[in-house]
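> Chain A is already provided as a structure; the job is to place chain B on it using the hints.
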Amino acid sequence: MLKRVLAPLLTLLLLAGVGYAIYISVTGQANTKAAADKLDAVHEIKGVIGSEKEDFFRDPETVAALAKLNLKVTWDKSGSREIASIPNLASQYAFAFPSGVSAAEKIKRDQNKNPSVKKSAQAFFTPMVIASWKPIADILIANNIVKKKGDAYFILDMVALFDLITAEKRWTDLQDNQQYPTNKSILVVTSDVGKSNSAAMYLALASYILNNNAIVQNEAQIAPLLPKLASLFSRQGFAEGSTEVPFQDYLTMGMGKSPLVMIYESQFLREMNNNAISADMIPLYPEPTLFTKHIFIPFNADAEILADALANNPDLQKIAAKHGFRTTNAALFAKGKNIAGLQDLVNVIDAPSYEMLEAMINQISPAK
Amino acid sequence: MKFLKIIRITLLGILFASLVGFFGFLAYMAMNAENSEETANTSIPNSESVLKVLAGSELKDIEPMLEMIKSKTGVQLQMEYIGTLDGAEKLTSQPGLYDIAWFSHAKYLSLLQADKKLIQAQEKIGISPVIPAVKESLAKQWGWINNPEIAWSQIAEKVKAGQLNYAMTDPTASNSGFSTVMSVQAAFSNKGDAITAQDVDAEKLKIFFSGHSLTAGSSAFLSESYLQDQAKLGGIFNYESELLKLNRNPLLKEKLVLIYPKEGTVTADYPLILLNKEKSADYQKVVDYLKSAEFQTWMMTNTDRRPVNPAVAIGAQFPKGYLMDLPFPNNIATVNEILFAYLNDRRKPSHSFFVLDLSGSMQGDRIAALKEAMTNLTGDDISITGRFAQFRNREKITIITFSHVVMDTREFTIDKDGVVLKEVKNYVTDLSLGGGTAIYTALQTAYLQAEEARKADPNRFYSIVLMTDGENRDGISYEAFNEYYKKDIDYLAGIRTFPILFGDASPDEMQSLAALTGGKTFDSRKSSLSQAFKQIRGYQ
Numbered sequence: 000m001l002k003r004v005l006a007p008l009l010t011l012l013l014l015a016g017v018g019y020a021i022y023i024s025v026t027g028q029a030n031t032k033a034a035a036d037k038l039d040a041v042h043e044i045k046g047v048i049g050s051e052k053e054d055f056f057r058d059p060e061t062v063a064a065l066a067k068l069n070l071k072v073t074w075d076k077s078g079s080r081e082i083a084s085i086p087n088l089a090s091q092y093a094f095a096f097p098s099g100v101s102a103a104e105k106i107k108r109d110q111n112k113n114p115s116v117k118k119s120a121q122a123f124f125t126p127m128v129i130a131s132w133k134p135i136a137d138i139l140i141a142n143n144i145v146k147k148k149g150d151a152y153f154i155l156d157m158v159a160l161f162d163l164i165t166a167e168k169r170w171t172d173l174q175d176n177q178q179y180p181t182n183k184s185i186l187v188v189t190s191d192v193g194k195s196n197s198a199a200m201y202l203a204l205a206s207y208i209l210n211n212n213a214i215v216q217n218e219a220q221i222a223p224l225l226p227k228l229a230s231l232f233s234r235q236g237f238a239e240g241s242t243e244v245p246f247q248d249y250l251t252m253g254m255g256k257s258p259l260v261m262i263y264e265s266q267f268l269r270e271m272n273n274n275a276i277s278a279d280m281i282p283l284y285p286e287p288t289l290f291t292k293h294i295f296i297p298f299n300a301d302a303e304i305l306a307d308a309l310a311n312n313p314d315l316q317k318i319a320a321k322h323g324f325r326t327t328n329a330a331l332f333a334k335g336k337n338i339a340g341l342q343d344l345v346n347v348i349d350a351p352s353y354e355m356l357e358a359m360i361n362q363i364s365p366a367k
Numbered sequence: 000m001k002f003l004k005i006i007r008i009t010l011l012g013i014l015f016a017s018l019v020g021f022f023g024f025l026a027y028m029a030m031n032a033e034n035s036e037e038t039a040n041t042s043i044p045n046s047e048s049v050l051k052v053l054a055g056s057e058l059k060d061i062e063p064m065l066e067m068i069k070s071k072t073g074v075q076l077q078m079e080y081i082g083t084l085d086g087a088e089k090l091t092s093q094p095g096l097y098d099i100a101w102f103s104h105a106k107y108l109s110l111l112q113a114d115k116k117l118i119q120a121q122e123k124i125g126i127s128p129v130i131p132a133v134k135e136s137l138a139k140q141w142g143w144i145n146n147p148e149i150a151w152s153q154i155a156e157k158v159k160a161g162q163l164n165y166a167m168t169d170p171t172a173s174n175s176g177f178s179t180v181m182s183v184q185a186a187f188s189n190k191g192d193a194i195t196a197q198d199v200d201a202e203k204l205k206i207f208f209s210g211h212s213l214t215a216g217s218s219a220f221l222s223e224s225y226l227q228d229q230a231k232l233g234g235i236f237n238y239e240s241e242l243l244k245l246n247r248n249p250l251l252k253e254k255l256v257l258i259y260p261k262e263g264t265v266t267a268d269y270p271l272i273l274l275n276k277e278k279s280a281d282y283q284k285v286v287d288y289l290k291s292a293e294f295q296t297w298m299m300t301n302t303d304r305r306p307v308n309p310a311v312a313i314g315a316q317f318p319k320g321y322l323m324d325l326p327f328p329n330n331i332a333t334v335n336e337i338l339f340a341y342l343n344d345r346r347k348p349s350h351s352f353f354v355l356d357l358s359g360s361m362q363g364d365r366i367a368a369l370k371e372a373m374t375n376l377t378g379d380d381i382s383i384t385g386r387f388a389q390f391r392n393r394e395k396i397t398i399i400t401f402s403h404v405v406m407d408t409r410e411f412t413i414d415k416d417g418v419v420l421k422e423v424k425n426y427v428t429d430l431s432l433g434g435g436t437a438i439y440t441a442l443q444t445a446y447l448q449a450e451e452a453r454k455a456d457p458n459r460f461y462s463i464v465l466m467t468d469g470e471n472r473d474g475i476s477y478e479a480f481n482e483y484y485k486k487d488i489d490y491l492a493g494i495r496t497f498p499i500l501f502g503d504a505s506p507d508e509m510q511s512l513a514a515l516t517g518g519k520t521f522d523s524r525k526s527s528l529s530q531a532f533k534q535i536r537g538y539q
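Read top to bottom, the protein sequences are chains A and B.
Residue numbers for the first sequence follow numbering that gives the first Met the number 0, so the first one is 0 and each next one is one higher.
Residue numbers for the second sequence follow numbering that gives the first Met the number 0, so the first one is 0 and each next one is one higher.
Quick caveat, the hints were computed from the structure, so don't treat them as lab data.
There may be inaccurate statements among the hints.
As the list claims (entries may be wrong) - Pairwise CB distance ranges, derived in the manner of DEER restraints:
#, chain 1, residue 1, chain 2, residue 2, range
1, B, SER136, A, LYS133, 35 to 43 Å
2, A, LEU225, B, SER136, 54 to 62 Å
3, B, LYS115, A, LYS118, 29 to 37 Å
Claimed, not checked - Residues on chain A that point at chain B, a partial pick, calculated with CB under 7 Å:
#, residue
4, ARG169
5, THR181
6, ASN182
7, LYS183
8, SER184
9, ARG234
10, GLY236
11, PHE237
12, GLN247
13, GLY253
14, LYS256
As the list claims (entries may be wrong) - Keeping only pairs whose Cα atoms sit at most 30 Å apart, straight-line, the calculated DSS-like set for lysine-lysine is:
#, chain 1, residue 1, chain 2, residue 2
15, A, LYS45, B, LYS115
16, B, LYS290, B, LYS89
17, A, LYS133, B, LYS261
18, B, LYS51, A, LYS45
Bear in mind that the values here come from a model prediction, so they are computed numbers and not experimental data.
Quick reminder that beta carbons are idealized off the backbone N, C-alpha and C, glycines included.
This is chain A alone, in the form it adopts within the complex (with noise of 0.2 Å):
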């Protein structure tokens, strides 16, 4: 009696089983299999995000991956800084994608009594690195300003940079200049400090350095930093809203335009992964340096599934992966197909508190 009815019973379990079994490895989203559960339908959530992710939710893969969880995504793309400022934030987005903790705390704490607001996540992280161009660095190796690391990867001083920018110098000033033998003043390009993240990212670099390798904690400190720290930025001039219209200046225009661009690691082994990257085009590794890391804020439940899916999924980690981004898996990111970004990153340091940030960033920006 117990047989019949348990062979049948086994069969079908084994059946179950196998499918079962399918069902994981085809989708591999075991994870976020209780968030599928809950959209049985395709849910399409629109976000305002930084320029800098907009190809990774662009990639066809990612669209399949977040199919998968009946999510389609929108977004509007702006400056991180400018997405902290966008008025009634929660109520026109599902989600807010920017880079940078500081930008991230500022939405956070503007929404801080909107009960919409989810738990945020920490989606993905990346060093910052300066894009460059063999011959500079050979003549910054020259200068004892660059040295390598290994066969691939230059380390760039910047204590030692900073002494030249600050000192005013231009490239003719350097030795063994061939190469570049320009009568422009040494400077990083950057995005415009008071829009761009990426921009925020080397002022807390430069603060740290000029207040002598110390992160800077109040009002006192930085007074004194701040002429040759607006320097940095109103000496470049004109600067662009975003971190990706000064890399693709760097990509098209070549060095005479960009020597040395401020941007995220990210970018640059993504555009490696497009094969965009030249031979001579490499990135310098400041040191010290800091990471950048993306976090994304839902502001209801759909968003929530993304923003547990961009922290835990797999698949999605190894897009992201494929897009330069480093995430919590940080085996995916150094396993990725051309990926070369440096692993042991020493002397990386902390951003300054979102206060400090932005009271130097008011201090410094050019009167509107």
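Coordinates of chain B only, in the frame set by chain A:
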């Protein structure tokens, strides 16, 4: 036993549900995939997407590709053309009219928009530096062929020595002139980073601009005028793309050698700018196509702009090596200060003749429009482009009014403090009408006076604006004028007439007049008399 059975059934239930769920999911995915394929296939031909584009006038050369863009993206670009600064002002003063802007650069717009955030996104499409070019014989003589060491200061020396005069557009009307002025300013400041208006020795700039012998309000018109006047000119400042085109023109008598000054230049990067957020999906489709290898190759081959897509190998017409870029000011006040300093103090001053019809038919709205157009140039138009168009310090203005005869001739020399501007304004405000229309007698009067004036003071730009609202009824005929002009062409050439199409003036006759003198007609019927006068200022 019973407990076990419950567990077993529950387990079975869960697994069964998963199984159903799994096949359901597969079916759903398959359906979904089909659906999305279907929409992808059908959406393009059926799409009615139209993007309204305000574009720089030099982008007219993209027109042959508009159909292709539409067939590849399903998006139709509805183009309208304008100068860079005019366009930036229009977009900031009247936001919401256009979905897309497409100019040679976005810097002026970025600075002008301030906190308005008009630019939602931008993607660079093509590259063309604005550079000098000199005739091959001069380049040989000076050792400038394949010489990477040429600096802006050496160009200035040749001008100072009287060995180089050149063509350049007006920097407030056209981006190639604008970029040249910004380059010269940056190069002469010798600063190495962002400049201010005061960073440069004004005398140095004055010497540089003293070589400016042919002006125009657009880069394409400058190339055409260069061909006409090439015998008298040594060089030209224009986009690399325009210069490469010019070098292939069969009418060009002597090849131009393109110079890439070692301090650098300002480079046009043609960003496609999204203004209307709602259209971001269509915008992206267009950007993807414009950056595709197919379009980039077409653009490089047909418009001589450098590609931005690294997959497209750069053509042999471009020299090897990188383009050095000069820094650009970081605020609108500095840019405008540089431009006003150029207009009022540094450029070669002009002597502008205005031949104005005061016949009876001008009564009512027409004379009111004429007075407004003229008083706008005395400072009534306070918009930024209105101020650029204003009569400039040191400029000479001759107003010749006519009906059946020449009624009056009055010359003004504009001063720094604007006292004479008020006199011009009063004079224009008090104009009253007569009868009859003697267009060509009045125009001949203008030429006789301009010829005399140029003999006495050759270091000015001479030009004539002709505004009439009807047919010639009195005085000499068009044919007689034609004869006079052709007979005296050696003395008159270079003094261009810019006729305005207005009221019942004969468009054909006005066009032949423009062609005869190397000028250009301006159609006020499509915009307004004020607009036409303002545009002509770019050619004076």
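> Would you list, in rising numerical order, the hints stated earlier that this structure does not obey?
No numbers; nothing is violated.
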